[in-house]
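In case you want the letters, here they are:
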Amino acid sequence: MALDRWIGLILLGIFAAYGYAAWFTMDGSLAPFMQRNPIWPSTFPKVLSVLGILVGLVIVLGLEKGDKPREENPSVIVYRQLREFKLGQAGLLLGLMVAYALLLRPAGFVIATVGFLVMGSVILGERRWITMIVVAGIATGVVWYLVQVVLGIFLRPLPAFMGI
Amino acid sequence: MLEGILIGLQTAFSIQNLLMVIGGCLIGTFIGMLPGLGPMSIIAIMIPVAISLGDPSAALILLAGVYYGAIFGGSTSSILLNAPGVAGTVATSFDGYPMARDGKAGKALTIAAIASFCGGSIGAILLMIFAPMLSSVALLFHSAEYFALMVVGLSAIAAFAGTGQVAKAIMMTLLGLIMATVGEGALFNMPRFTMGLMDLQSGFAFITLAMAMFALPEALYLVMDPARSKSGQSGDIKDLRITRDEARSIAPVIGRQSLQGFFIGVLPGAGATIASFLGYAVERNIAPEKEKQEFGKGSIKGLAAPETANNAACTGSFVPLLTLGIPGSGTTAILLGALIALNVTPGPRLMVDDPQIFWAVIISMYIGNLVLLILNLPLIPYIAKILAVPRNFLIPFILFFTLMGAYIGQNNATELLLLVGFGICATILRFADYPLAPLLIGFILGGMLEDNFSRSMQLYDGVSFVWERPMTLGLLVIAALLVILPSYRARRARLRARGVADGD
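Protein sequence lines correspond, in order, to chains A and B. Counting with our numbering, you get residues 1 to 164 for the letters of the first sequence. Counting with our numbering, you get residues 1 to 504 for the letters of the second sequence.
No lab work stands behind these hints, which were simulated from the structure alone. Just so it is clear, CB atoms sit at the ideal spot from N, CA and C, and this is done for glycine as well. The reader is advised that the hints may include incorrect statements.
[What the hints assert, rightly or not] Between beta-carbon pairs, the in silico distance windows are:
(1) B:Leu379 / A:Gly62: 50 to 58 Å
(2) A:Tyr20 / B:Ile5: 48 to 56 Å
(3) B:Met1 / A:Gly88: 58 to 66 Å
(4) B:Ser202 / A:Phe154: 14 to 22 Å
(5) B:Tyr460 / A:Ser29: 55 to 63 Å
(6) B:Tyr460 / A:Phe33: 15 to 23 Å
(7) A:Ala99 / B:Asn411: 26 to 34 Å
(8) B:Lys385 / A:Val134: 36 to 44 Å
[Claimed, not checked] Stretch by stretch, here's where chain B covers chain A in the computed footprint (C-beta under 8 Å, at least three residues):
(9) 17-26
(10) 106-112
(11) 133-147
Construct the complete structure from the given sequences, taking the supplied hints into account.
Written as structure tokens, this is what we have:
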């Protein structure tokens with residue numbers, strides 16, 4: 001089974017769970033006066049879940065067939081090329097993004113961002129340390145100034161233990 | 001209408017808004033030139049900036065400028081590097097890149113700029129004519145018709161997804177719709193599908209979703225597939241002039257493609273991509289035999305056609321957004337989200353309630369086109385230097401800007417984790433060839449769709465509004481046909497190919 005049908009199966013599961021919530025569990029807590037309404041909070045989700053399950057079945061069972069191979073479109077990626085892809089780098093960068101999300105508040109904007117930009121370049125194979133640190137430092141300063149001073153959105157610059 | 005135009009002129013020519021147009025076009029060109037970053041990613045990144053401006057006209061003008069700039073920048077990288085940033089400029093590279101290889105890069109860029117300018121300007125004139133007409137019709141609509149109209153819009157997007165793709169596009173739309181039901185809606189004062197999590201109480205944030213659906217997967221692809229981000233010296237760009245003969249030969253092409261592109265752009269789901277490919281194909285078919293040979297080898301007509309068509313289509317896609325409040329493409333969906341965040345609801349009332357926004361956007365389209373022509377074109381040789389920025393520096397910055405965009409919109413670090421999670425899902429979905437734009441459009445329309453549905457249910461005390469209102473029924477029938485017809489025709493074509501006789 002091709003990847004798109006496996007994903008279809010997962011989506012089918014999501015819609016089934018969603019439908020279960022809409023049909024069986026949601027209405028329990030509905031206030032009596034709202035039950036006299038023609039429309040309940042669960043009405044629209046019920047419709048969506050039925051449609052979703054139907055379309056999901058169409059995908060999983062492969063009822064709709066494409067009659068031509070994919071167009072010559074550079075924005076389309078063929079997942080069979082997956083082995084040629086640099087998945088490791090992508091995974092590391094995603095991990096770095098998660099680390100950034102977790103460190104942004106405790107470590108402060110300046111440290112987190114300089115670290116993120118430098119580490120990102122390192123993961124991609126860059127080794128010119130001085131250039132990286134200078135570029136990252138300037139960019140961090142500019143973005144902090146734009147966000148905090150120009151846009152007026154609070155960004156804590158320094159680590160939490162150093163005040164503000 | 002004249003009054004409206006005057007209000008628009010007054011708003012658009014304020015110093016602040018002029019700077020917005022110029023800034024937007026420059027930023028758009030700058031980023032749009034980077035291979036792999038399309039207008040959707042750029043607009044998604046710019047949204048927090050636009051929203052924090054606080055003034056809806058200025059925000060929309062900025063974003064529209066970015067949109068134009070990005071398309072112009074995208075054609076520049078198609079011509080110079082044969083690396084189209086977006087699907088909409090793929091057709092540009094067919095003839096643009098051969099021209100650049102022949103040392104006529106300057107001329108190719110000029111033709112692209114002029115074609116874009118004409119396509120965009122003619123599109124804006126058509127928008128001025130058609131949008132008020134459509135919006136006066138739309139004022140007759142009730143919530144039942146609105147509901148039906150949105151269903152038509154959503155199914156048209158699915159129907160234009162191409163053979164073998166209709167079910168996937170519908171699936172993505174439905175996924176967007178169910179994501180829109182998460183959280184506490186205005187209609188019922190109860191949280192739905194939050195699984196008891198406080199963070200989901202207000203639903204998913206639109207900016208986070210937009211970043212995760214477009215900007216992040218693009219950046220990840222650049223990482224995974226280094227061939228996509230080939231950077232290099234674009235060589236010297238000189239001799240930007242075109243001769244009078246050349247101008248004369250592309251003039252009819254520009255005229256035809258402006259009209260065709262605009263009307264394709266108006267259709268929901270068919271956007272700049274379809275318009276540019278169709279424009280290229282049509283011009284090749286009607287060209288004289290001698291010129292037909294040149295297509296694909298550096299024909300100026302082959303370059304002018306898709307460039308005109310994609311800009312006209314971009315302008316056309318504003319028609320359903322501004323008059324009906326229904327976005328026909330991923331980009332206009334993002335614009336709609338930004339407008340809603342600024343407390344402006346596009347739709348037929350927009351012209352009546354906020355004429356300054358409506359007209360200022362249209363006027364600023366002209367200004368944007370002019371800026372691209374007179375400011376950007378001479379600067380192109382310098383802007384093209386950005387193509388030489390090494391990807392080792394570029395990619396961390398793109399990722400950082402997506403993170404910042406999601407963070408300053410919500411000021412919440414949990415949002416960043418959601419961004420990464422959705423980004424991974426979106427990347428996997430793209431691997432499996434699921435279109436992502438329908439998901440975002442479904443997400444943005446979801447709230448309005450449900451509101452209108454619920455209102456009609458309450459007014460008619462049940463679903464009887466479907467058959468009691470002929471227009472609603474008609475629109476819903478159209479929606480059903482849009483979904484069923486492509487698969488039916490594909491099936492018949494397959495049967496015929498197998499030699500099975502069909503009915504007629």
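Taking 8 Å as the C-beta cutoff, is the stated coverage of the stretch 133-147 of chain A by chain B satisfied by three or more residues? holds (count 4)
Between the beta carbons of Lys385 (chain B) and Val134 (chain A), is the distance compatible with 36 to 44 Å? 19 Å, violated
May I ask you to test the hint 55 to 63 Å on the CB atoms belonging to Tyr460 (chain B) and Ser29 (chain A)? 27 Å, violated
Does the beta carbon distance between Met1 (chain B) and Gly88 (chain A) stay inside 58 to 66 Å, or does it fall outside? Holds: the Cβ-Cβ distance is about 59 Å, inside 58 to 66 Å.
Do the Cβ positions of Tyr460 (chain B) and Phe33 (chain A) conform to the proposed distance bound of 15 to 23 Å? Hint holds: Cβ distance 20 Å, inside 15 to 23 Å.
Could you check the hint for me, namely that Leu379 (chain B) and Gly62 (chain A) are 50 to 58 Å apart, CB to CB? 51 Å, holds
The stretch 17-26 of chain A covered by chain B? Criterion: 3 or more residues, Cβ-Cβ distance below 8 Å. holds (count 3)
Given the hint of 26 to 34 Å, check if Ala99 (chain A) and Asn411 (chain B) actually sit that far apart at their C-beta atoms. Given range 26 to 34 Å: violated, Cβ gap about 19 Å.
Just tell me: holds or violated, for the beta carbon distance of Tyr20 (chain A) and Ile5 (chain B) against 48 to 56 Å? 55 Å, holds
Please check whether Ser202 (chain B) and Phe154 (chain A) have a Cβ separation lying inside 14 to 22 Å. With a Cβ separation near 20 Å, Ser202 (chain B) and Phe154 (chain A) satisfy 14 to 22 Å, so the hint holds.
Count the residues of the stretch 106-112 of chain A whose CB lies closer than 8 Å to any CB of chain B, then report whether that count reaches three. violated (count 0)
Hints 5, 7, 8 and 10, counting from the list given before, are not met by this structure.
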